[in-house]
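Undergrad: Protein chains in written order, with this note's numbering: chain S, 1 to 362; chain G, 1 to 362; chain Z, 1 to 405; chain A, 1 to 405.
Bear in mind the hints are in silico, worked out from the structure with no lab data behind them.
From a predicted model like this one, the values you see are computed outputs, not experimental measurements.
A virtual CB, placed ideally from N, CA and C, is assigned to each residue, including glycine.
Be aware that a few hints might be false.
[Stated by the list, open to error] Under the rule of at most 30 Å between Cα atoms (straight-line distance), these lysine-lysine pairs were calculated in the DSS-like manner: (1) Z:K228 x Z:K201; (2) A:K275 x G:K245; (3) A:K189 x G:K245; (4) G:K245 x S:K245; (5) A:K189 x S:K245; (6) S:K27 x S:K245; (7) Z:K188 x G:K245; (8) G:K245 x Z:K189; (9) G:K359 x Z:K275; (10) S:K245 x A:K188; (11) Z:K123 x Z:K228; (12) S:K245 x Z:K151.
[Stated by the list, open to error] Using C-beta positions, here's what the derived DEER-type ranges look like: (13) Z:Q15 x G:D25: 49 to 57 Å; (14) A:M41 x G:L246: 37 to 45 Å; (15) G:D51 x A:S185: 33 to 41 Å; (16) G:A106 x Z:P288: 40 to 48 Å.
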Amino acid sequence: MTAANAEERVLAEDTARRWLEQHCDLKAVLAVAEDANGAGHPAQVWRAAADMGWLGTLIPEKYGGLGLSLADAVTVLRALGSGVMPGPYLATMLAAEAIRLGGTAAQQARLLPDIAAGRVVATVAGARLDELDITAGSGGKLSGACGAVAYASLAQILVVPVRNGAATNLWLVDAKGPGVTVAPCQSVDGTWRVGFVTLHGAPGERLEGDPDAWWRFIRHGAVLTAADQLGLAGRALDITVDYVKLREQFGRPVGANQGVKHPLAEVYVAITMARKGLFHAADALERRERDAFMSASVAKAKCNDAARDATAAMIQFHGAIGFTWPHPAHLFFKRAKRQEYEFGDSTWHRERVADHWLKETA
Amino acid sequence: MTAANAEERVLAEDTARRWLEQHCDLKAVLAVAEDANGAGHPAQVWRAAADMGWLGTLIPEKYGGLGLSLADAVTVLRALGSGVMPGPYLATMLAAEAIRLGGTAAQQARLLPDIAAGRVVATVAGARLDELDITAGSGGKLSGACGAVAYASLAQILVVPVRNGAATNLWLVDAKGPGVTVAPCQSVDGTWRVGFVTLHGAPGERLEGDPDAWWRFIRHGAVLTAADQLGLAGRALDITVDYVKLREQFGRPVGANQGVKHPLAEVYVAITMARKGLFHAADALERRERDAFMSASVAKAKCNDAARDATAAMIQFHGAIGFTWPHPAHLFFKRAKRQEYEFGDSTWHRERVADHWLKETA
Amino acid sequence: MNIATTVDTSAAEGQAFRLEFRAWLEANIPHEWRPAGFWHMMDDQGAIALRREWERKKYDAGWAGIDFPVEYGGRGGTPLQRAIYEEEMALANAPETANPQIPIIGPSLLLFGEEWQKKRFIKPLLRSDELWCQGFSEPNAGSDLASLRTKAELQGDHFVINGQKIWTSFAPICDWMFLLARTTSTGKKHQGLTLFLIDMKTPGIDARFIKHMTGRLDFAEVFLDDVKVPAENVLGGVDQGWKVINGLLREERVARIGQYAFYRRHLELLVRFAKQAKRNGRPAAEDPVLRQKLGQVCVDMELLRIHSLETMAAIANGAGQDQDAPLTKYSYGETHQDMGEVFTDLAGAMWHLHEGDPTQGDVDQGLLRELQFIFMRTRAETISGGTAQIQRNIIGERVLGLPRA
Amino acid sequence: MNIATTVDTSAAEGQAFRLEFRAWLEANIPHEWRPAGFWHMMDDQGAIALRREWERKKYDAGWAGIDFPVEYGGRGGTPLQRAIYEEEMALANAPETANPQIPIIGPSLLLFGEEWQKKRFIKPLLRSDELWCQGFSEPNAGSDLASLRTKAELQGDHFVINGQKIWTSFAPICDWMFLLARTTSTGKKHQGLTLFLIDMKTPGIDARFIKHMTGRLDFAEVFLDDVKVPAENVLGGVDQGWKVINGLLREERVARIGQYAFYRRHLELLVRFAKQAKRNGRPAAEDPVLRQKLGQVCVDMELLRIHSLETMAAIANGAGQDQDAPLTKYSYGETHQDMGEVFTDLAGAMWHLHEGDPTQGDVDQGLLRELQFIFMRTRAETISGGTAQIQRNIIGERVLGLPRA
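This is chain S alone, in the form it adopts within the complex (with noise of 0.2 Å):
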């Protein structure tokens, strides 16, 4: 990353953090929250995310995207996790990924622009990776239970892995269209929607760019998962810490006691060292080092780690109010946990990053 690289990016996570902030508040999203039926999908979000290009960040700009890099989407997708947004810009963002990331150069050509315009929500199945069990049959008709998947019932296009003898390809499934049914679901986590899909015959279209294009993509999924995590994390320690400053108990500030300074000091260096890990595998993922892999398990697991560890401390320091409802104590919570086990929990991702460190050590 180049040093004018990074004044740029400051300098639009900041405008970003800026607008979210008026537009957007922890208020607002704890509206959403609240309105358990309702879509989750505040259109202002929405609406920012296309014109300022924060979907369209990595999307090629021949395809009317920024043609960006992945620390870029990063940037901007920390932004929008230390405001908690709600919305499907991540989800549709990561469709977006995969298509880049597999797709033929026509397939980007077709779909690209709409996402990129915010003109249609995309979301992805399989974020969890434990396996799915989806088939294509004759015809390229898939079939097979999708489980959990964000946003499903607002989402137009759907992409999903579906098993190809020991592969996994990833194919496109119009998610308005025939054989698609969807049961939505609620989560304890009111900052998303969520909905469980079944194929039943729907017919599918394989990205054909790249058939391995799984591999990379839940890589650049657990990446772009993880810069939501470090977003909430940060902004969980910032409030967090304004707060021990001024709330006094037996005649001190809280946070003079080591009992509270020494944990979100462990808390700080979780995210510093988070932080660093995430935009190093951003970089890697970016430059297809050989070890890249390894580099987005290490910034998964710890971003995982950091961000529960942040957002729990948000609750205990707060004391009482940080476990009630009208404090934004517990989205932060709820949203780290639930991510925890998106793209790879941190089990998932120390066995990896062991089994890498086993296989190159003579």
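Please build the complex by placing chains G, Z and A on the supplied structure of chain S, with the hints as guidance.
TA: Chains G, Z and A alone, transformed into the frame defined by chain S:
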């Protein structure tokens, strides 16, 4: 445990501690550790172990022992552990316990009186519970590597687990007899001695009383070893608390800082729970309760963790002095870490506890 | 279901009591209430009404106020029976009480109340004819309770109370409040506090729910604006509030036995869930890494069971001061919280869904919902009633004798 | 062996330097020194003599004081080359320096020394012709260094020093000591401290080893009884000692890069050990629970590598203040200590034996001994140079801006 019993035990433990403090204090233990090529077998401790009946705590009265319970043995061993006592008393008591559990009346009558009186040193192979490959040939000749065995060079009686198809039987070997080779090996923990034992057709004698005694024995062994660990842990905490009350830095006692106070409080909690778990397990094994094996695993897992944490805290909160040789902290820490892997580490025991619950829950 | 109990009922007395109560519960808890998650899929108001009705029935059958004297409407039993009662309630998945302050307010009245107060308040409390709430915490007096600011001034034959309380569970639907207020402002902070028994219908009281992060209505805040309370409604004497609160420690010990029984049930649910949920295509229960995590909470729960057994023995022997109260509180909070984390690890990406993901095993919805609720609820358990940090401070200072900062 | 380096040497300058030094090491480290554990199976005195000799050879070949100016006997290289040097030393399993205070005393002399001091002391320091020790800590001034009591009084053209120092590594075999003493006792505690360069042969100095828990001779205590030191041997000015010490932060950063390279080697040893050791009849490396533990330290080590890369980039860009120094120190200590714990888990019951248990796999003795040593050594790493508690305090107060107690 009746109240009268409890009082007697407090008294017995107190007596043992006082005696040890007077006749083999921490300085004396350090000298034993210093003398790495010595026998690691202070005569006064062994004499006391015989004279005060410690060695025979579990041995029936008719064979010269006290015929007391496992909880009484735990009490004695906790006292010895609190003094980080060197010597083959634990190895000998473990061997005696194997003979008590597995031997016929004739075998017990022949062997236990000498053990209770301190006339022979005995020991056991297989304490680490990883499978050994010792087999019995024709005429009861035993062959195979026994791995590291406590006080192998000193011992006259050796108990070994021998494979018998899928089962494991306990056998006796004359450790000074033919077909037994002992290669002494140094250990980082200077409070004991150890050697590698190999059997080359050594004449063996099977413990015929209960052929399945191995499974009971390793649980009794876990509880007796855990008693030593609990002794280490409690003394480590006491010494550390005394130190941080007095040691001043930045104008106040180190122990006034929550950064010290809270971890020590956690150690206290761990030790307290470990103690409860251990005495419960001793009673449950004694009464051969249905869940006794699980209780032993609970106790050993917790004592492992408590002893490691308490002795590591002893080093940490003594500051630099805590990692010097003349300070006893390292004796506690190294021994706790050694025993952590004897008669089952926490991973081994947690697995068994989980298994028990999964099987017992509908 | 297999629950190793914490009370040794080899003695005939305990065993007979246990069996009788078990039979009553079997006959009187509606079958549809039994499955895991039943109460977690129902709205709060409905749940409380149902429970209240059931508790009256239970009282009338003689199964309430187990260790309260008969003369005040209790059963007149022993602490041992009380503990068995708590265990059987958990075993049967009986509803939680609609009147959660019983274990605090009941003994306070018994130990410190005047005769008329005992006669007047205990029976309706036990029968849940009157629901009670506890007004201790304030926005600026949480862990540091002694610095509370709600003021009570004596004016003739009544006190006039002004201030604000918070974390007052269920206040808006309660009939009475047990309130701690400052009556004297000179001297040490924890002196000069007084306990009042206040009718929630008194003018000047405004109680509003604060939703919990689980989505449940439970906490509330209470505003007191010139609330007139008869002077005779003081409990335990003017300026004696701190003494009363600290006199309840033994009672808290018994209550924790009951709490343990519920935790034990939660562990059973967790283990059952481990058998249903799939991770990476096989039952979560077969994954060696998840088994370690599950094994660890089983270890900690077994230790808490043994701790409860010892506590029961101490209670039966009439033991006094409980120096391990902060240890108990701390261990309970940590262990229950760990259980919650193990649940999310077992459930993986479906932990937060209101229905199990069919591609992740055939998971009972009620089980998922109850464990999910428990997971979120446990975040409060290292905070309410003294944070984990406060407990470690108390252990360090009072038990280990370490100096104050 | 495969070590991902922390220094980006895609630039030709770095790469050429790296290859040249690698070739020199290959040719000049005796083959028998290479295997893991070589230095851990040798006595302390013998090891130091061997190393000292080797360091002279290395100096004479131009491979010492990489980033020290040529005029004072250094190589005149860049910080980047210095970092590459440290990595290659670790990669080659080169001996640790016999003169461990070089990274502290060298830069102190460079930054604060008078011309004659630089000329006189730097070259013999770099060539290990003169071994140095550091006299900062005292029995009652460990974490709280500013409260030290060793006193230096000016008497004519010399100071007279009295007091006691502790944790003065290798003092009994050192030629010079870098000592911090109090010259003024009024004002704030950290003012009035002065640094002295002291010839260890001066009468009145008594240095005694204190054995480390690993069994090694390393630490020492030093008693100073009317020790006369010429006034010109003050470094950086009278009463300026605190300023000098705090001026060394940048240098510490570079030194940590070297430390990382050693940790990385230790991780490689650990992974190799995992393949050799057997647990429950199969290679430890195949046990899923142990793989998790190993995976976790690999994660943490990868993060420290990235952290080092960023630090190097910052150094190359001439960055100033390092706000993350306490983070670095804290993370290094914790991660290295975790590595030690993973070692004992992998080794199980043989972790503490001087030879591998043949029934637990075919384990290389040197590997076992070195990892064993590392395990014990790491207990000191959360203490020396500021405990983990102190680091968290600094992070909380200086980085997060939390109030002091």
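Undergrad: Taking the hints in turn, state whether each one holds.
TA: Outcome of the hint check:
For a cut-off of 30 Å, the pair hint linking K228 of chain Z to K201 of chain Z stands: about 11 Å separates their Cα positions. As the CA atoms of K275 of chain A and K245 of chain G are separated by approximately 46 Å, the hinted pair breaks the 30 Å bound. Only pairs whose Cα atoms come within 30 Å are accepted, and K189 of chain A paired with K245 of chain G is accepted, the gap being roughly 23 Å. For the given pair, K245 of chain G sits about 29 Å from K245 of chain S by alpha-carbon distance, which is consistent with the 30 Å threshold.
This hinted pair checks out: K189 of chain A and K245 of chain S have alpha carbons roughly 27 Å apart, not beyond 30 Å. Using a Cα cut-off of 30 Å, the hinted pair K27 of chain S and K245 of chain S holds, with the two alpha carbons roughly 23 Å apart. Proximity of K188 of chain Z to K245 of chain G is assessed by CA-CA distance (about 27 Å); at most 30 Å being required, the pair is judged to hold. Distance check on the hinted pair: K245 of chain G and K189 of chain Z sit about 27 Å apart at the alpha-carbon level, within 30 Å; holds.
Between K359 of chain G and K275 of chain Z the CA atoms are separated by roughly 10 Å; this keeps the pair inside 30 Å, and the hint holds. For the suggested pair K245 of chain S and K188 of chain A, the alpha carbons sit about 27 Å apart, so the restraint of at most 30 Å is met. At most 30 Å may separate the alpha-carbon atoms for a hinted pair to count; K123 of chain Z and K228 of chain Z meet this at roughly 25 Å. Of the pairs offered as hints, the one joining K245 of chain S and K151 of chain Z holds, with about 28 Å between alpha carbons and a cut-off of 30 Å not exceeded.
For the pair Q15 of chain Z and D25 of chain G, the supplied restraint of 49 to 57 Å holds, since their beta-carbon distance comes to about 51 Å. For M41 of chain A and L246 of chain G, the hinted distance range of 37 to 45 Å is satisfied, since their beta carbons lie about 40 Å from each other. In this structure the hint that D51 of chain G and S185 of chain A lie 33 to 41 Å apart at CB is violated, the actual value being about 59 Å. Checked against the given bound of 40 to 48 Å, the beta carbons of A106 of chain G and P288 of chain Z, roughly 44 Å apart, stay inside it.
Of the numbered hints given earlier, the model fails hints 2, 15; all others are met.
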